[in-house]
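Please arrange chains Y, G and S on chain U, whose structure you already have, making use of the hints.
The chain contents come next:
Protein chains: 4
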Amino acid sequence: MIELFKFRTEMRISFEDVDLFGLLHNAKYFSYFEKCRFEYLRNLGLIYGEESLPNVECAVVEHFCSYKKPARYDDVIEFLIRVSYIKRSSLQFQYILRRKGEEQVLTTGYTNLVWVNFESGKPKTIPPHIKDPVVEFEGDNLDKMPGNPVAK
Amino acid sequence: MIELFKFRTEMRISFEDVDLFGLLHNAKYFSYFEKCRFEYLRNLGLIYGEESLPNVECAVVEHFCSYKKPARYDDVIEFLIRVSYIKRSSLQFQYILRRKGEEQVLTTGYTNLVWVNFESGKPKTIPPHIKDPVVEFEGDNLDKMPGNPVAK
Amino acid sequence: MIELFKFRTEMRISFEDVDLFGLLHNAKYFSYFEKCRFEYLRNLGLIYGEESLPNVECAVVEHFCSYKKPARYDDVIEFLIRVSYIKRSSLQFQYILRRKGEEQVLTTGYTNLVWVNFESGKPKTIPPHIKDPVVEFEGDNLDKMPGNPVAK
Amino acid sequence: MIELFKFRTEMRISFEDVDLFGLLHNAKYFSYFEKCRFEYLRNLGLIYGEESLPNVECAVVEHFCSYKKPARYDDVIEFLIRVSYIKRSSLQFQYILRRKGEEQVLTTGYTNLVWVNFESGKPKTIPPHIKDPVVEFEGDNLDKMPGNPVAK
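Chains as they are written, first to last, in this note's numbering: chain U, 133 to 284; chain Y, 133 to 284; chain G, 133 to 284; chain S, 133 to 284.
Read the hints as simulated data drawn from the structure, not as lab findings. Beta carbons are placed, not taken as given, at the ideal position from N, Cα and C, and that holds for glycine. Any given hint could be a false lead.
Between beta-carbon pairs, the in silico distance windows are [unchecked claim]: (1) Y:Gln236 - G:Glu251: 33 to 41 Å; (2) S:Asn175 - G:Glu268: 49 to 57 Å; (3) Y:Pro265 - G:Asn249: 52 to 60 Å; (4) Y:Val188 - U:Ile134: 27 to 35 Å; (5) Y:Lys167 - U:Gln236: 29 to 37 Å; (6) Y:Pro265 - S:Leu274: 54 to 62 Å.
Only chain U is shown next, with the shape it has when bound in the complex (with noise of 0.2 Å):
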């Protein structure tokens, strides 16, 4: 399963976003899945600045996130992202959580995103300038439907 994660990303546990127990707190790993969708697009040259984003259209429907083991202050952690299915106008973002150096998973998750005429509520077609790369950098990884969002 892992090795259908392409890529990765470090980020360092802060202090604010630990819990009394000094665990990273439940809520915030959805802000760390976020940054991590804006790392993979960035990665892949999809602008997401300012002027950019009233042509987004793009709404998170779906999210999920299985804790197995915590992550705790101080924790740098790699986080690998996928796109594993991408549709007409929807795709699924993937999140596989380990500390850095350490085999073990920490956490799964994911994100299902439509794009969507805001005026209307429809759904819309994913753009071709968004699309394309996508599907070009995952590659086979891209699994043909979508299924059983995360191995366990």
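For chains Y, G and S alone, coordinates are given in the frame of chain U:
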């Protein structure tokens, strides 16, 4: 489905929690879910003051959120909350969000919690002083087995 | 000093907002201050729904907080709030925090706001529909000149 | 003034941290300040891993921020950081924010910290293993007395 949710609370979506589009940020829903859990437990007299925290030994192990329609800045949101199942060492909270006074479901979500011995990492039995009031409050609404997390 | 504060609101310190020591995180005080400002303005009937936001054109230009004693997890905090001065294009909010039912001051702080034309970046006159109710509410409690932000 | 700041770090303003206007939210500056302090100390080899935290006994006692020009979504901000004074039990961090590659100062701010015996609540002496490296690093740039927090 909605009639299974006996506990409700209201919260207003704050300026700080919305994104550049004026919509409640996707990660912040999980912060509101946490406030829901605390209110639910507080309503049952399950005190969660600081002195009780070292004994809590309860961990979020899975999170899910389905975003159907956005909650917006300054919306007053009605949160419907239930415990859907409670087993020896685990339980599930479910949430339904609606704008106050409206029928339309904006969001559904769930949190799976497990009681754990923080030293050994092994699951432990939910203490009766927590389990019993929950079972009594939910009554026949408790699912016979953990299944479909939140109705579509 | 405290008798100058005519508006009060209460908020409970949430689990997510405390740090590893169980204390309200220093940055989060400013989030609570913001909620205070909105509640103060809401109390005066100054509507701040989403449709009004494009016309707000009001910027935080200075922030100060003096942390004397910590607010802790699950504390119910009484926030005392006043506008201390209001000039042509600027005003100051001041805050005093105390644990509910206690005299001891935990925190003092202030926020300086300026009304700005967002296109030109120049200060603009505070609209009378905002200034007048504030002046009427605060009455003689308004400082004659901006000075000592919050009494020690 | 700026030449007094010998330590610099860069951070990108994330989507989650901006408000409805695309500007870094006023409370979030203090989160970035905290990251600055940790980076400054890490750069001096002052380890702040979890095991060291129970002995930290250091509290933020005052915070100030002057917002001159906004930092925006996706901006790469250069943070200039210094310790401006260090006394027996207290010190001050100062910050200057600029957009990377630009001269204009966006924001200035400071944090006053005091070392405290958490049991007695009394100030305690800053441990030499922290004070000495700071004094050595800042050298003659240290203010002779705590005064004007950040130059206008």
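Quick rundown of the hints versus the structure:
no.	hint	result
1	Y:Gln236 - G:Glu251: 33 to 41 Å	holds (37 Å)
2	S:Asn175 - G:Glu268: 49 to 57 Å	holds (53 Å)
3	Y:Pro265 - G:Asn249: 52 to 60 Å	holds (57 Å)
4	Y:Val188 - U:Ile134: 27 to 35 Å	holds (33 Å)
5	Y:Lys167 - U:Gln236: 29 to 37 Å	holds (32 Å)
6	Y:Pro265 - S:Leu274: 54 to 62 Å	holds (58 Å)
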